[in-house]
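Dock chain B against chain A, hints included.
For the record, the sequence lines run as chains A and B.
Under the numbering used here, the first residue of the first sequence carries the number -17, and numbering increases by one thereafter.
Under the numbering used here, the first residue of the second sequence carries the number -17, and numbering increases by one thereafter.
The hints are simulated quantities; they were obtained by calculation from the structure and are not laboratory data.
Repeated chains share a single entry, so a pair holds when one copy, or any two copies, can fit it.
As a list, the in silico BS3-like pairs of lysine-lysine whose alpha-carbon atoms are at most 30 Å apart:
#1 Lys81 - Lys(-3)
#2 Lys(-11) - Lys100
#3 Lys49 - Lys91
#4 Lys48 - Lys(-11)
#5 Lys91 - Lys(-13)
#6 Lys83 - Lys48
#7 Lys100 - Lys(-13)
#8 Lys(-13) - Lys81
#9 Lys(-3) - Lys(-13)
#10 Lys47 - Lys(-3)
#11 Lys91 - Lys81
#12 Lys(-11) - Lys81
#13 Lys(-3) - Lys100
#14 Lys49 - Lys(-3)
#15 Lys48 - Lys(-3)
#16 Lys91 - Lys(-3)
#17 Lys48 - Lys100
Since we're looking at a predicted model, the values are computed, not measured.
Number of protein chains: 2
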Amino acid sequence: MSISKAKVRFIDGLKFIGTADSGHDVVMDGPVAHGGTDSAATPMELVLIGLGGCTGMDAISILRKKKQPVEGFEMNISGTRAEAHPTRYTDVEIEFVVKGKGVDESAVKRAVDLSMEKYCSVKATLEQHAEVSFSYRLEE
Amino acid sequence: MSISKAKVRFIDGLKFIGTADSGHDVVMDGPVAHGGTDSAATPMELVLIGLGGCTGMDAISILRKKKQPVEGFEMNISGTRAEAHPTRYTDVEIEFVVKGKGVDESAVKRAVDLSMEKYCSVKATLEQHAEVSFSYRLEE
Chain A
-17 MSISKAKVRF IDGLKFIGTA DSGHDVVMDG PVAHGGTDSA ATPMELVLIG LGGCTGMDAI
43 SILRKKKQPV EGFEMNISGT RAEAHPTRYT DVEIEFVVKG KGVDESAVKR AVDLSMEKYC
103 SVKATLEQHA EVSFSYRLEE
Chain B
-17 MSISKAKVRF IDGLKFIGTA DSGHDVVMDG PVAHGGTDSA ATPMELVLIG LGGCTGMDAI
43 SILRKKKQPV EGFEMNISGT RAEAHPTRYT DVEIEFVVKG KGVDESAVKR AVDLSMEKYC
103 SVKATLEQHA EVSFSYRLEE
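Excised from the complex, chain A in its bound form (with noise of 0.2 Å):
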């Protein structure tokens, strides 16, 4: 078990900084019309996107051990959004793309699979309940 931390900072509008425990920070924003300046990607955008660079991480380390001359690598995610709040993803679609000449069909699909089914740690997050749970306190 390991625990990670992140604290999240309003600064704004609705422009909110988010710095976890590698120290980097990353900012986010809403749409004008929720009464945001759109300067930012949302947070719902950091879920498909944490979703991709998770699953990408372990795709591109499994096909670099396979020495697979890969040149270019993107996915195309699509997530659908409940209509009623809260808006949640309820099925999200991930289009791996690989680009390369000679890359092995075979060494591609083995990496997709053991991300998707055994390493991604986001997918997981999303495919399990996670409890989440609160507190507050005030300061003068």
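This is chain B only, laid out in the frame that chain A set:
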């Protein structure tokens, strides 16, 4: 029902750049121990940060409607990860810290409760099952 889309592209090492509907880029990287250069937040960090941004946007909007004199607002988030692969989040705790002389505690409680129980789409995504499916194709 609405669809959100994201494209996540491999750069080098473990570095990926994601772009979703808002058009803003988010860079991700992995730790040096896993072959990355630790130049940006990790995918799992984005999930925790996104959770904070999502509930923070809800709560600050509600506090603003209630005309509360909020001078500072931040969240401390702690995610417990599974020990075995996939090391998903199993439990997440959020501490909301609201600063401001004269902020009404009942308004804070109401704002946080409304986000957590009704509006926060990232929280709902973590707590309920989302189906993740995938496909792949090779390009020369």
